[in-house]
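Those sequence lines, one after another, are chains A and B.
Count along the first sequence from 1, then add 12; that gives the number in my numbering.
Count along the second sequence from 1, then add 1; that gives the number in my numbering.
Simulated from the structure, these hints should not be mistaken for laboratory data.
Don't be surprised by glycine CBs; every beta carbon is placed ideally from N, CA and C.
Hints are not guaranteed to be accurate.
Cβ-to-Cβ under 10 Å is the rule here; a few derived chain B residues that face chain A [as the list claims (entries may be wrong)]: (1) R89; (2) H91; (3) L135; (4) G145; (5) E154; (6) A158; (7) V193; (8) G303.
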Amino acid sequence: MPIKLPFRPRRQGFPPDLWTKCPTCQEMLYNKQLEKSLRVCDKCGHHFRLRVDARLAQLLDHDTFQERDAGLESVDPLGFVDQKPYPERLAAARTSTGIRDAAMWGTGAIGGHGVAICVMDFAFMGGSMGSVVGEKVTRAAEAALAERLPLVVVSASGGARMQEGTLALMQLAKTVAALVRLAEAGVPYVSVMTDPTTGGVFASYAALGDVNLAEPDALIAFAGARVSAGTIAETLPDGFQRAEFLFAHGFVDQVVKRADLRDVLLGLLGYLRPAPQRRAVSTAAQNGSGNGLLSRPLSTLVDVRADARTGAERSRG
Amino acid sequence: MVDGLNAAMPADSSLAEASPEPVLGHQHRVDDEALREAVWARVQQARNVKRPHTLELVRLMASEVIELHGDRLFGDDPALVGGFCRFRQHRAVFVGQQKGSEVEENVARNFGMPHAEGYRKAMRLFRLAERLGLPVVTFVDTPGAYPGAASEERGVAESIARSIGVMSGLRTPIVCVITGEGGSGGALAIAVGDVIIALENAIYSVISPEGCASILWRSPEAAQQAAVAMRLTAGEQQAMGVIDLVIAEPAEGAHDAPEETARRLGATIVAQLDALMPRALDDLLDDRYDRFRRMGAFADSGTSVTPRQERQSLGDRLRLLLGSGRGMLGAEPGPLRPAAADDQDEPPLREDV
């Protein structure tokens with residue numbers, strides 16, 4: 013099972029800021045050219061990971077992104093120390109990546125369609141989901157509901173952040189509950205899975221898109237291959253847990269090359285418009301932010317429940 | 002400023018015994034041997050094969066137990082059981098992971114590690130309970146969902162996500178009990194409810210101590226340190242607000258006195274159902290949403306945008322100074338260094354199961 017190592021040897025026989033070696037075809041790629049081709053290898057189509065700013069620039073109309081909740085920062089609720097204290101790991105990640113945590117969210121436009129968008133960045137502690145990432149995804153979903161904007165989440169994550177213990181685990185419940193309310197209100201959600209989307213992120217919001225897209229060859233898994241192989245000594249088939257495998261098993265609508273991703277989203281957004289507001293929903297929207305969502309009257313629920321059930325059934329089909 | 006954590010302190014701890022672990026906020030001392038042993042003893046209690054498992058507990062504390070099988074889509078998962086049962090006056094639907102108490106049964110039960118069909122059976126039963134107006138009681142006892150090829154093929158992650166979603170919006174009261182191991186997403190998939198109860202020696206964690214140790218300490222032998230660092234005991238989880246009630250175990254632990262354990266647990270479940278059943282469903286659902294909405298600890302520095310610019314190396318600065326056309330000092334911050342995404346010094350810090 014060829015798993016992509018998350019690091020490369022330090023010694024390289026060329027200036028690393030000018031050239032990058034493609035891990036799939038070994039081709040030497042000139043960095044400027046690589047940036048132009050959206051960090052996809054021209055020769056073999058290997059998709060390198062994309063930083064959050066590049067992803068936003070790729071998907072959104074120029075200058076439309078308005079970041080929200082930029083000030084959210086992780087704290088250390090457990091006093092977690094392994095080989096390094098968690099606050100030190102956070103500080104190191106902030107310095108090396110230039111961002112505050114592993115996700116960024118805001119509003120923007122794709123071909124003129126307004127969207128709420130949340131993008132994860134694997135460079136920040138493996139894109140792991142702690143309280144901040146969970147909070148941002150949840151706020152994005154809640155804002156999408158209140159402002160009736162389609163929601164797009166681009167995932168790149170190794171899973172829940174162990175340093176926050178069960179508080180990280182609870183982010184699964186928090187984000188999914190918000191997405192359920194979004195679905196009940198008839199506001200669509202597109203999940204884009206990039207390399208890698210694993211663990212708690214895949215087992216929560218990443219799996220639940222009304223439409224699920226994935227980048228070619230992205231690792232998408234519940235448990236890493238190492239864990240599967242280690243704990244249950246199963247030999248895993250070739251191409252196991254790759255985007256194409258998920259596609260073959262019906263969990264992804266389309267595997268989309270990075271160059272086409274914006275166009276595919278644009279096409280989808282023509283269909284994925286928030287449903288005309290039902291009465292129950294409109295009261296909630298008028299109540300405004302936060303608390304209004306919580307106190308949404310659920311009394312006129314016959315049709316809403318039917319909706320929710322369709323969602324659950326569809327998954328089983 | 003820490004949001005969420007303070008607000009999430011438990012309301013009722015009358016049933017809890019004083020926990021020997023240090024209170025939250027103090028730096029954990031993973032090297033404190035006594036503490037390590039105390040915590041590890043609980044981990045072993047939680048995993049004790051003689052510990053009463055879901056069906057045993059249900060038969061001891063409830064009457065009229067009828068087990069139901071199958072997800073109507075693929076098969077029946079013996080690692081996750083469910084059906085009807087009656088807690089005193091409350092008819093209810095129960096769902097729980099089921100481990101075996103000796104080797105053969107454990108193999109048949111897949112050591113309490115459900116596949117996707119297990120969670121889909123759970124969802125089927127949740128929906129049934131909702132339709133019949135019956136409350137749901139779940140029993141969590143699993144190392145985690147099964148991490149194998151078959152389970153990935155059938156979408157175990159998707160089934161966990163859906164199950165969490167179904168529970169968060171289910172229009173009937175839900176009582177969750179962590180009876181043994183609360184292992185990661187496979188546990189949470191049936192642990193979203195109105196009240197979360199745990200037995201004293203139960204544990205709840207985002208990853209197994211062994212998994213955490215092999216990733217963060219690079220050695221599974223550090224499992225004891227990892228267990229201490231993750232604060233996975235019921236007492237500590239209660240202090241964090243993840244668990245509401247901790248039920249003291251009799252004698253040497255639940256395995257030593259299953260009847261008494263079941264009696265205490267049964268009484269608590271009945272009391273919780275008494276309190277939850279008369280509540281208006283809309284309020285109940287809003288409180289349930291709010292309960293999980295509050296989970297998490299973070300600060301809001303309030304300042305906006307502009308990510309910190311990376312400190313450049315001398316070479317970079319010289320190159321810039323030599324004026325390669327695209328930017329001089331004071332130019333707008335460049336893009337985030339793309340290589341960082343592929344160029345990690347360390348393996349990703351992540352949960353793996």
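Contradicted hints - numbers only: 1, 2, 3
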